Amino acid sequence: MSPASTAPVYDRQILEFERPVVELERKIQELKQISTASIDFGDEIRRLEKKARRLQVEIFAELSPWQKVQLSRHPLRPYLLDYVPVLFDDFLELHGDRAFADDASIVGGLARFGAREVLVLGHQKGRNTRENVHRNFGMSRPEGYRKALRLMHLAARFGRPILTFIDTPGAYPGLGAEERGQAEAIAKNLEVMAGLPVPIVATVIGEGGSGGALALGVGDRVLMLEYAIYSVISPEGCASILWKDQSKVATAAEELKLTAPDLVRLGICDEVVPEGEGGAHRDLEGTARNLRATLDRQLDLLVGLAPSELTDRRYRKLRAIGVCEERAVS
Amino acid sequence: MAWWTREKATAIDVTDKRSVPKGVWVKCEECDEILFGPDLDANLRVCPRCDHHFSLPTRDRLRLIADEGSFVEADLGVESGDPLGFRVDGKKYRDRVKAARKSTGIADAYRAGSARVGGYEVELGTFAFEFLGGSMGSAVGEKITRQLERSLARRRPAIICSASGGARMQEGILSLMQMAKTSAALARLREAKVPYISVLLHPTTGGVAASFAMLGDVILAEPKALIGFAGPRVIEQTIRQKLPEGFQRSEFLMEHGIIDSIVHRRELKDRLVRLLAWFGTPRHAAGHDAG
Ligand SMILES: [Zn+2]
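Note that the protein sequences, when read in sequence, are chains A and B.
Be aware that the first sequence starts at 1, since it is given in this note's numbering, and climbs by one per residue.
Be aware that the second sequence starts at 1001, since it is given in this note's numbering, and climbs by one per residue.
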């Protein structure tokens, strides 16, 4: 097992449906430890490894939307800063909105992606309580969106493509956030991103929570990791409002159509990036490899376009979103 | 992005039930004054005693702003589909929309068209809060985008009156994306220097606040309207404390530099006319009706 963090895996970091596989793997570990030159469990270990793999494939082939929600929020799931060193060279983080504060729930900076200079921008959750106090669980305040806006303007002025990475439960619902214009900050990003003359590729790597996600999500391409979700409201919020019953989260998750394949069908997501076996948290390298290849290919298709062509296409893409019926009215 | 349940005026029967229909007497939500319904209507549904602004039906809002007979509605046939096949306990979203259409007599939660305001040609639209809490799904997003595109093509100022609980969750991600779609249309308007005036009514929250509603060249609000991204209940649950009096109301927003001006309903039209003049909007050749 190769979780994003190198810390040992605690029971609370294992989802219920992952448990059978994890337990088999623990057994394999034990057998490996007691194996000596004289007593060889090699055959048994190979048999169990095969079984664990098969079991994992079986379980992951039939994940429910709610299970995918849980995976997208997995405590070991790789966050933006786990991908940055694997995907980019010479990352240089830039801080602050130049007006109020540096919101650590959004990370932005300059980086090189292959041969290209790019802007990297995304939400960042914390791995533990201390980090989460600092990162506010990836829930941004206006200054976070305004930092992102400042950096995107910078990238646009110097012709650098923008790669955003979405992973947030949503914009922070707090007193100060409202005082400082949370709604305006999000709205401004939507407006500006629609017209920036550089390629923008947005990737949902974990939770795509509502307006706080969309504030980094307007672009030429929208990609999603295989077990990422993207939704107008959390299943919890939806269950409590429409069902008036918190226990209906799984039903709400199903009705909301928030998984990556759902978003492809609805014409929002352009491409699903496969995760390593068992999810990104069990294979950061493999997931990052797939992500790199997809980002590279998508950027190739965009960098050659003239700015006006780029923004025209982006507009047409956004313009086409939605399902309406039009009745003739006399 | 919660829905808002409409704050209902309390209907009380103080007279003989047979002669006076229910709801004719209305208790002010703010000062408890008992008001006679027709008087309240005549006063633009503003409490004569405390100036509390009751919600104004959509057609009255259009009548308040547009010069008499000038409003030509567009896109009347645009209706939401049910792309997700959304059901709550077996009840279909499609049926809920149908019921709303029937009870309100309008196609969806937004109405827009061309109009003259003090003789100035504009593209005017307003939310219908009575239609599923003014929630924004594909149909609302499409109508707003078309309005803004007409505004751009005809180089006429756009006016949007917002009253909405935000995105309509039964249309899932497609609702969320209407925020991006409408904001993209606004970006083009801004680029072309066509003015856009946003009028915020009670309540304007969620995805509507976090898109076109907050992007006006000028943002006006009715007094004491609830305006914000997150709903007060969600904030209270998150920060686990009571919110201060007046939090997220128009006056609070103005104090924090988020809106330009608070306008009494009675003065809304004059204020719009003044803005349209300042923006250099061409006037309709046939002269104007000050309304
Ligand atoms: Zn009153």
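Just to be clear, a hint being listed does not mean it is correct.
Within a straight-line C-alpha distance of at most 30 Å, the following computed DSS-like cross-link-like pairs (lysine-lysine) qualify [as the list claims (entries may be wrong)]:
id, chain 1, residue 1, chain 2, residue 2
1, A, 244, B, 1224
2, A, 317, B, 1224
3, A, 32, B, 1092
4, A, 248, B, 1091
5, A, 51, A, 32
6, A, 244, B, 1269
7, B, 1242, A, 244
8, A, 248, B, 1193
9, A, 244, B, 1098
10, B, 1269, B, 1027
11, B, 1193, A, 244
12, A, 248, B, 1242
13, A, 248, B, 1224
Using C-beta positions, here's what the derived DEER-type ranges look like [unchecked claim]:
id, chain 1, residue 1, chain 2, residue 2, range
14, B, 1096, A, 274, 34 to 42 Å
15, B, 1238, A, 131, 41 to 49 Å
16, B, 1029, A, 58, 54 to 62 Å
17, B, 1279, A, 102, 33 to 41 Å
18, B, 1241, A, 96, 40 to 48 Å
19, B, 1049, A, 96, 44 to 52 Å
These are computed hints drawn from the structure, not numbers from a lab.
Because the structure is a prediction, the values reported are computed rather than measured.
Backbone N, C-alpha and C fix where the C-beta goes; we use that ideal spot for every residue, glycine too.
Problem set entry | Supplied distance hint 34 to 42 Å, evaluated on CB atoms of residue 1096 (chain B) and residue 274 (chain A) | holds (37 Å)
For this session: Please work out if residue 1269 (chain B) and residue 1027 (chain B) have their alpha carbons no farther apart than 30 Å.
Result: Distance of about 27 Å is within 30 Å: holds.
For this session: Mind checking the alpha carbons of residue 244 (chain A) and residue 1224 (chain B) for me, to see if they're no more than 30 Å apart?
Result: holds (29 Å)
For this session: Go ahead and decide if the range 54 to 62 Å is satisfied by the Cβ distance of residue 1029 (chain B) to residue 58 (chain A).
Result: holds (58 Å)
For this session: Below or equal to 30 Å on CA atoms is what counts here, so check residue 248 (chain A) against residue 1224 (chain B).
Result: Status violated; Cα separation ~35 Å.
Exercise. Taken at face value, is the distance from the CA of residue 32 (chain A) to the CA of residue 51 (chain A) at most 30 Å?
Worked result: holds (16 Å)
For this session: Compare the distance between the alpha carbons of residue 248 (chain A) and residue 1193 (chain B) with 30 Å, and conclude whether the hinted pair is satisfied.
Result: violated (48 Å)
Exercise. If you check the beta carbons of residue 1241 (chain B) and residue 96 (chain A), does the distance land in 40 to 48 Å?
Worked result: Roughly 28 Å apart at Cβ, these two residues miss the hinted range, so it is violated.
Problem set entry | Beta-carbon spacing of residue 1049 (chain B) to residue 96 (chain A) - inside the hinted bounds 44 to 52 Å or not | holds (49 Å)
Exercise. Is 41 to 49 Å a correct range for the gap between the Cβ atoms of residue 1238 (chain B) and residue 131 (chain A)?
Worked result: violated (19 Å)
Exercise. Is the hinted pair residue 248 (chain A) and residue 1091 (chain B) satisfied, with a Cα-Cα distance of at most 30 Å?
Worked result: Status holds; Cα separation ~15 Å.
Exercise. Is the straight-line distance between the alpha-carbon of residue 1242 (chain B) and that of residue 244 (chain A) 30 Å or less?
Worked result: Holds, at about 23 Å.
Consistency with the previously given hints fails for numbers 2, 3, 6, 8, 11, 13, 15 and 18, ordered from lowest to highest.
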